[in-house]
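Following the hints, complete the assembly by docking chain B onto the known chain A.
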Amino acid sequence: MPVERTKFYQVGSFAVGNRLLPPEQRAVQASPDRGNSLTCGHRACRGCGEALGARWAVDAAISATAGRMVVVNATGCLEVFSTPYPESSWQVSWIHSLFGNAPAVATGVAAALRAKGRTEVRVVGQGGDGGTVDIGFACLSGMFERDDDVLYICYDNQAYMNTGVQRSGATPPAARTATTPLPGQAFGQGKNVPLIAMAHEIPYVATATVADLRDLEYKVRRAMEFRGARYLHVLVPCPLGWVTAACDTIRVARLATESGLFPVFEAERGEVTGVTKIRRRVPVDDYLRLQGRYAHLFGDPPKTDVIARIQAGADRNVRRFGLVD
Amino acid sequence: MDDKPFAITLGVGTSRANKTGAWRTERPVYLDRLPPCNQACPAGENVQRWLSLAEEPSYEAAWRQIMEDNPFPAIMGRVCYRPCETACNRGKLDQAVGVNSVERFLGDEAIKHGWTVPVTAEPSGKRVLVVGAGPAGLSAAYHLTRLGHQVTVADSGSRPGGMMRFGIPRYRLPRDILDAEIGRIADMGVTFRLGRAVTDLAEAMRGFDAAFLAVGAHLGKRAYIPAGDCARILDAVSVLRDLEETSAPALGRHVVVYGGGNTAMDAARTAKRLGASDAVVVYRRTRDRMPAHDSEVSEAGEEGVRIKWLSTIAHAVGGTITIEKMRLDETGFPQPTGEFEELAADSVVLALGQEADLSLLGGLPGVEVDDGVVKVGPNMMTGCPGVFAGGDMVPDQRTVTVAVGHGKKAARHIDAWLRGATGRPAPKHPVADFDLLNTWYYSDAPATVRPRLEMARRITTFDEVEGGLDERTALFEARRCLSCGNCFECDNCYGVCPDNAVVKLGPGLRYEIDLDFCKGCGLCVAECPAGAIEMVPEIS
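Chains as they are written, first to last, in full-length UniProt numbering: chain A, 1 to 325; chain B, 1 to 540.
No wet-lab data here; the hints were simulated from the structure. All C-beta atoms in this analysis are idealised placements derived from N, C-alpha and C, irrespective of residue type, glycine included. Hints are all accurate, no fakes.
Pulled from the structure, derived: some chain B residues nowhere near chain A, Cβ distances all over 12 Å:
#1 Gly91
#2 Arg196
#3 Ala197
#4 Gly304
#5 Gly366
#6 Cys384
#7 Gly386
#8 Pro427
#9 Asp463
Using C-beta positions, here's what the derived DEER-type ranges look like:
#10 B:Leu352 - A:Gln25: 53 to 63 Å
#11 A:Ser97 - B:Thr9: 19 to 29 Å
#12 B:His113 - A:Thr273: 45 to 55 Å
On the chain A side, residues computed to face chain B include the following (Cβ under 8 Å):
#13 Gly17
#14 Leu20
#15 Ala27
#16 Gln29
#17 Cys40
#18 Leu213
#19 Arg251
Only chain A is shown next, with the shape it has when bound in the complex (with noise of 0.2 Å):
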């Protein structure tokens, strides 16, 4: 991966900030002047994972683009808990339309922006695994398909949380919902977005998580270095649907990655360029027996066969991507 890590062993570069590194070095999130785009008095659960995820992002696109930004925001958790009119948490200029229609509303906005001659203006669409990877899913591969200059960033919690956690196309084998009581969401299903958006060959495409501030910054940095469409994956661990404590958010999200359910890579133009490798590799139980939408899976006796084929799948992204040296 090509985020500079600086050897300070004291809390070498996964920390925040750093009082021993210049201020231009440490993390966006490390500033007192940071966008604050998502600011105190929001609605989201104790701990949410998606609440922070996009400060992290929003604030990352904010001083990559010194502010000249528009956020397109889809239907769904983030738009619910941040925006009950009359009040809003965004200090953004900020956007809502529907559910279904964020990638297509960003469009328009860069074409407008674009008729105006307003082209160094930004624009962010944003919304959760049920507004793009299920909802929003047709008007999301039109702007790949089309190439507009957006940078979409799907927060993926893995079901629709704000409505009562029922299924998404994003929900993850054996994961129980609502709407997948036991044994879970089958083998098989659902679709990998990020792969997807390869497959349009769009000039940026890449995955990130809660768990490592540094990367989403850099990605987000990164994305916003190119024209037309992009698009960033971001795991944020949900503490109501996952069933984990509120202050496991990070914990999950890192074991995620460090078991090689969720990968973290970029890719350009359809090629993966860049591979966040293993740190500290993890079996999946470590990463499921933390969440109550597996505890079935570790009744008396245990689904060790159910576990397998989930920490087959691991294996196959450490294969695959090459998450381990």
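Just chain B, lined up with the frame of chain A:
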């Protein structure tokens, strides 16, 4: 009706009107914990604090922080047995931080640049007699001087330093280093009265308001060994002292050292350097029961010192000794086996422990002696009011660092006593255990190894064996510190709060929780690398 647009009934506003702090059942609270290195330091150094200053890098400030507690950083960096490194949490991650190496670097920097410690306290008008110019006495003299008292140090030795000079060989502690650090204390206005033993304390204390006794333990313990007339039997303490004060003692080509402590190792390594072709340590138990420190045993082994485990000396005749093999019984005590072996020995050096010469206490009322050492209270005071004691003559571990710690502690209590107050130590913070850390945020970095003198020079000269770190490696080493239990401003809490409810107060000022908006999710606590935040239940 107001002037809102058609179909709009509410004015827009920020979500900051929504005080989500009301959701909270627990709140994060910043705290400082006691790092294991600080807890382990017998001299009470704030190791983590001075490492953090060294990281900046502010070497002089770091050195001054050490000097708050210990006047001998350069000596410590050579002779301390490093309890801090044994306790270091980083040892569970990769390898312990080389605290001692950094301390030595800072101590050497101070000598190189001539840094000194000013005495800023108002003169108290009180006079304190310190008996013994070893690490305990000198440490007490240093701290008492800084507290404004007038100090006289008396010692029977011709030069100050005690066991640091007359017990620790110069290949471990070069004398220019020793002289530089003691000279700094003398320059602060401490009076030295050397070459004259204090034999009657009551007499010597005339004109002084208090006394601190730290005469050390300089008498080698003897063991009865049936020996012929021409057997040469010496004791290790005298050998090491003679080497320093007069001339190299003649030990011969085959030297046997009897004992298993650090002094035995020093005697054997010294014998090697004095030309012995063969230096053998005879010890009656096994390695795991040996009191000598690992580093001393391994360095002795590297230099060719052999060790006869489970052996006692049965008798010595002429140039030969007979040793008897032992075995450990169920209680771990060595028992004779009746198997014997002969060893060539031009001399036998006894290193069986040392005792304190307590004759100066004669007639002093209230002083209690138990098992050869002086009893002191928690304030280091003996049974005689105004007479305090420390170092090897009181019951504790006998190391330089422990002695330095005694000196500091005693100085603080003497100060309190002289001012008619009682010293009350500050309450200790809870210890920062490894489990409290989130080690994900620390990158992997193994310890820096200090250069060692090449073997040929080690066994023929008294040159210093271990080298120091240079600035680059010392800085690298300091920055390996995990800052266990104390905020080092990594901004993690500020960055990971989904509710934007951590306020960054600026460099050196740390952070504050905005309780109007903190929902109490605990992410800041979970992701704090140092374990410097805890969750506390809200009181309803």
